[in-house]
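Participant: Chains as they are written, first to last, in the UniProt record's numbering: chain A, 1 to 774; chain B, 1 to 127.
Everything labelled a hint here was simulated from the structure, so no lab data went into it.
A hint or two may mislead.
[Stated by the list, open to error] Here chain A is said to cover these stretches of chain B; the calculated rule only asks that three of the stretch's residues, wherever they fall, bring their Cβ under 8 Å from a Cβ of chain A:
1. 20-34
2. 61-67
3. 86-95
We put the beta carbon where it would ideally sit given N, CA and C, even for glycine.
Here is how the chains run, residue by residue.
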Amino acid sequence: MGWRSISIAPRLALWALLGSALVLAISGTILFTHTRDTILAHTHREAGALTRSAASRIEARLDRVMVSTQQLAALIDRPAPETDKILHQALKANHDLSGLAVAFRPEDGQTAHAPFVSRDSEGMLHERDLRDDPTQYWEQNWFLGGLTCRAGCWQRPFFSKSRHRWLINFSVAIVRKGRPVGLVNADVSLDWLQDILGALHKPDGAQAFVMGGNGKYLAHDEHDLTGHAGSPALLKALAARTGTPTLLSTNHAPDLGETSWLYGAPIHGSYWSLGMLIPEQRIYAPLRRLFVIDLSVGLLALLCIAVMLLVVTRRTLAPLGVLTARAEHIARGETEFELPAVRGHDEIGRLTQAFDTMRKELAAHIEQLTEAVRAQQRLSSELEIAQQIQTSLLPSEHYIEAHTSRFELHACLRPARAVGGDLYSYFMLDHRHFCVMVGDVSDKGIPAALFMARTITLAKALAAHTLSPQQILKRLNQELCVGNDSCMFVTLLCGVLDLRNGKLTLASAGHDPIILCGEGGAHLIETETGPAIGLDEDATYPSRTVQLHAGDTLMMYTDGITEANDAQMRMYGIERALKMLDHAPRPEHASEYTRRLLSDLDHFVGHADQADDITILALSWCHTADEQASDMLELDLPSQLEDVFAALERCDQTMTASGIPSSVRADVRLVLEELMVNMVEHGHVAKADGCIRLRLECEEDVHVSLRDDGHPFNPLEAKPPPTTTDGAADPEQVGGFGIHLVRAMASELTYSHDAQGNHLQLRFVNNPRMESES
Amino acid sequence: MTLNIRTESTSPERITLFVEGRLDASNFGQFDSETQQKLAPLPEGGTVVLDLQDLEYISSAGLRSFAKIRKQMRTRNGHTLLLNPQPQVRKVFDIVKAVPVNEIFVTVQELDDYLDQIQRKMMQEDR
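Same shape as in the complex, but just chain A:
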């Protein structure tokens, strides 16, 4: 879990805590430094003053000792008995003195009385004569040294074993006649120095001492140090006598124990100094204590603030968490949920309101979108059905005439969208004429598809009445022009192939020319075209007839082929198609032509989108020579009954061979018998050399042409036969029967009379469906 994923409240609290702590730390440091400096200065001031006042007091006491001693030295110029008394009085008067001695140099071998009055620890005065000492005092250092001090000088301190204390002597020479003859020696106990030091109002931990001129402690708060030498650093600092405090570290003065400030003051009138040592730590101790307390209180306060901040922020931001969860609901598409209550118009409140609005808008939007998607689905399923319907309008892709394999056709339609405007169609017009068409409706998509459906349906219906492509196009054009307000149009190429002789009649309504792949390679059959269908209702379409050779293949296509673009927007073009078809070896099947052209096209186009519908249709024709006899019969027969019946037998055979069903065969036979018997019995009466010319063609329907050179007789004008009273035919009127049967049986009957005689043309529909309708 990263820092970023911790919720806002603790982060905010933590930041606030850190920030405050930083401020506190900086301000605390500044304050601490300032306070420390102040305290240090204060300590310096106080300690300095204390030291000086203590020094002054010592000076005053020393002064008194010195003055008393000097007065005594001036007073006593020779040994005298009253000296003892004076000494007693002096000792009584000055309590700083613990002993007084007066000694003279021996003169002429005589030692004078050398009284020494001392005070014991109980304050009692005792007196002895120094001459009684085992040592001779005039040879002692203190005596010899004292003689030199006319103004008086302090001797070295020493520890008096008899009195168990440290003492120091102040000696003043007694001068007579300009030469020292003796001295007055004052013993000063150092106890009172100690007392003065002890009575000082020193800060805690401070130590005061008095340093003698010889660098040894005269007095020290640590009693044991008295008489010991001070460290050089200390002595050096004291000797400077600057009066300013000096910081002595333990490095320089190991005897100090800890780094301390030294405050020194000279004691005038002697070589002594008073010093006070205050350990640095002791100066700052209260400050540090105070600071620790302050810091603790401050941190505690900060902690409280942070906790409060945490709680308040949590509480304030709680709706945000709910909104976040709701946003996830919305992401899942759910818009029905509770939102936190709006508590105010702060950011959170506004956000909640905005969220609510968003939820409603989103729900409405989703509703619309769902509706739109539903509509889209409906549309696409309709489009799919439309596509199926359109596909069903097209005949199958592959067609081979089953009986004789006279031709093979293969077509391919590839719409650019679900439905398209390209079309192809083919069907037999009769049993020897095959109609094929390829067209391209202007525009694409559904309008084009609808127009295509109309075109393909109409074309097939209209083609049933004619064998010529120009007629098909003309009629189709007239039909499609009606009500064509949107001016949709279709370019159409229509060809009718006579399968028996390979004659191809072409008519084009603004469509691309056909490609003929034959012995001489592939080339275009340029056809004069009429206008596109649907624009000009008076348009006519010229036709062109081409003779196909066995093995030739026709290729019809739409501009989806020629105008296909590759990624660089280059067009495929008809030349490329011709070149490809020209170079490749001639394939066996029509499907190979379409496959080859399409794969070449796909290779050329690459990944570019298909812009237009693509249709391609290949029709291969093979001539089979021996079929003419089986489907057609032409007879010239004499007008005799036997010949008529022989001819009827042959007709029967021809029709059987052509696969005409027996019911139609019987109809044809009946009609022909009636007509020909009629010719024999009535038309050629009194004519021995009458002749009948019969021509029978079995296509899809049976076509019969019957000529005779007899009397003009139009069967269409014959009256219907009369009936007898009981509803049955009158046998006397048999001629009427026959003609009635002829008219009833033949699907079409036309009569003409010309120089050759009567000419009857008959058609018998060979179509079970049509028959049932009739």
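Got chain A; can you put chain B on it based on the hints?
Facilitator: Relative to chain A, chain B alone:
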């Protein structure tokens, strides 16, 4: 296939002619003479049944022959009934209306029922 005629007589006053093959302008003369012979013995009020089960083709000449038989029978108060014509032949009858529809039967049973009915009627008239 040429024309073939067989006869069968279940009773003296009833004769059945089985007409098989084709009946057209080439052979109606032969048909006419053969039927004349076979109908001659029929008594007054007799019945001729033409069974057309195997007649596959008829032209107007054949119709005329049938019409002649019918006319002949009527003059002798007899009946001419047609049994089971094939579709092609039936179509010709329908077009020309050479025979009343009530005289054409599809099955023998139907025909027998009809004859029974006539017989009963005649017997009632006799009484």
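Participant: For the stretch 61-67 of chain B, count the residues whose Cβ lies under 8 Å from any Cβ of chain A; is that count three or more?
Facilitator: Coverage by chain A holds for the stretch 61-67 of chain B (4 residues, Cβ < 8 Å).
Participant: Has the stretch 86-95 of chain B got at least three residues whose CB is nearer than 8 Å to a CB belonging to chain A?
Facilitator: holds (count 4)
Participant: Quick check: do three or more residues in the stretch 20-34 of chain B have a beta carbon closer than 8 Å to a beta carbon of chain A?
Facilitator: holds (count 3)
The structure is consistent with each of the numbered hints, conforming to all of them.
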